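Q: Heads up: the sequence lines are chains S and X, in that order. So the first sequence is numbered by the numbering used here: it starts at 1 and just counts up by one. So the second sequence is numbered by the numbering used here: it starts at 1001 and just counts up by one.
Read the hints as simulated data drawn from the structure, not as lab findings. Source: prediction; values computed, not measured. We put the CB at the ideal spot given by N, CA and C, even for glycine.
Below 25 Å or equal to it, Euclidean Cα-Cα: the simulated DSS-like pairs (lysine-lysine) are:
hint, chain 1, residue 1, chain 2, residue 2
1, X, Lys1080, X, Lys1035
2, X, Lys1162, S, Lys90
3, X, Lys1095, X, Lys1004
4, S, Lys21, S, Lys173
5, X, Lys1158, S, Lys90
6, X, Lys1012, X, Lys1035
7, X, Lys1101, X, Lys1019
8, X, Lys1035, X, Lys1003
9, X, Lys1164, S, Lys90
Derived coverage of chain X by chain S (criterion: at least 3 residues anywhere in the stretch with Cβ under 8 Å from a Cβ of chain S; other residues may be distant):
hint, stretch
10, 1147 to 1158
11, 1164 to 1170
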Amino acid sequence: MGVEVTTSRLGDAAAWAKRVKEESRGLKGIPNWGRKFSLFSYPFVTACCGMEFMSVAAPKYDIARFGAEFPRFSPRQSDLLMVVGTIVEKQGPALRRVWEQMAEPKFVIAFGVCASTGGFYQNYSAMPGCDQVIPVDVYIPGCPPRPEQVLDALILLQERIQDGIGHSQLRLKREQLAHAEADE
Amino acid sequence: MSKKVLDALVAKFGDAIEKVEQVHGDEVAWIKRDKLTAVATALRDDAALAFDAPVFVTCIDRLDWKPVGVPPSEAWTEDKPRFEVCYQLRSTKHKHRIRLKIALPENDARLASLTPIWVGFDWQERETFDMYGIRFEGHPDLRRIYMYEEFVGYPLRKDYPKDKRQPLVRRPDLV
Chain S
1 MGVEVTTSRL GDAAAWAKRV KEESRGLKGI PNWGRKFSLF SYPFVTACCG
51 MEFMSVAAPK YDIARFGAEF PRFSPRQSDL LMVVGTIVEK QGPALRRVWE
101 QMAEPKFVIA FGVCASTGGF YQNYSAMPGC DQVIPVDVYI PGCPPRPEQV
151 LDALILLQER IQDGIGHSQL RLKREQLAHA EADE
Chain X
1001 MSKKVLDALV AKFGDAIEKV EQVHGDEVAW IKRDKLTAVA TALRDDAALA
1051 FDAPVFVTCI DRLDWKPVGV PPSEAWTEDK PRFEVCYQLR STKHKHRIRL
1101 KIALPENDAR LASLTPIWVG FDWQERETFD MYGIRFEGHP DLRRIYMYEE
1151 FVGYPLRKDY PKDKRQPLVR RPDLV
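Bound conformation, chain S alone (with noise of 0.2 Å):
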């Protein structure tokens, strides 16, 4: 309810993220400047795009580069949620519940074709990209991705949270400026 009445008031949808990304710099860009290179993430391996994860997080290609080095595997202690491979619907309420546990701001990146679209599964069971149950900031293509796609694609995650306009950042401003808006 807030929310549109917040949109409406900042007219269209280019001008918000403008502004967002004005807010995001400098002295007011230094919280995402940190966030960006002290990801902290939780792998979500379903499948055989982990192998592909393994090999990222490995010293040859070695994650470690841009921050984001070190897994936890409790999503109450990560920011950035890797959906690594097939969800199936029986999944669903699962994944939904750990990205609901994650702390703020959270991102997500959809690793492979699988979490993107579902892939060449289509069928009874396997879920059409896991952006059915949480939303994503960032897809890598590939069945499975090359290691180089994901660090192409932690960078520009790297870029979205440091301009402020990740999914979790713009929802957590809609919701202060809907209290500014209700304290009023």
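Based on the hints, put chain X in the right spot on chain S.
A: What follows is chain X alone, placed relative to chain S:
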């Protein structure tokens, strides 16, 4: 090699067997539904047969079966049974195998469970129930094994729509 198993089975249970055949070197016996338990018990307990290893149980849906080289009048049609339940057995003592097949009509897809005879069929009969909706009477715990309880229908039946989804959750901001 297992021809003697078929011969012994026919000699002992001639009236319980609809027909026997050999498919790609495997012996297949079509069993009448109400005689299945008696035949299976004999297969396990007879010292000359001694089938002690349950290999698999599955089901075949003949809804749209159009066999090559078989005239349409002899193929499965609406008045002929739609499902074939298929049990594969093996004897580790005599090293022989046999396959039991039971034809089931669409509107009455049930048969006696073989789990009381070979406990190894427990989860596989549950899987067959989950995917094809075959009711195994006498099974100790006939529940879905792969799909969630909320799932409606039987996904491996040929008339289950290929693109039908039954989601448990969806994003509230997408609906």
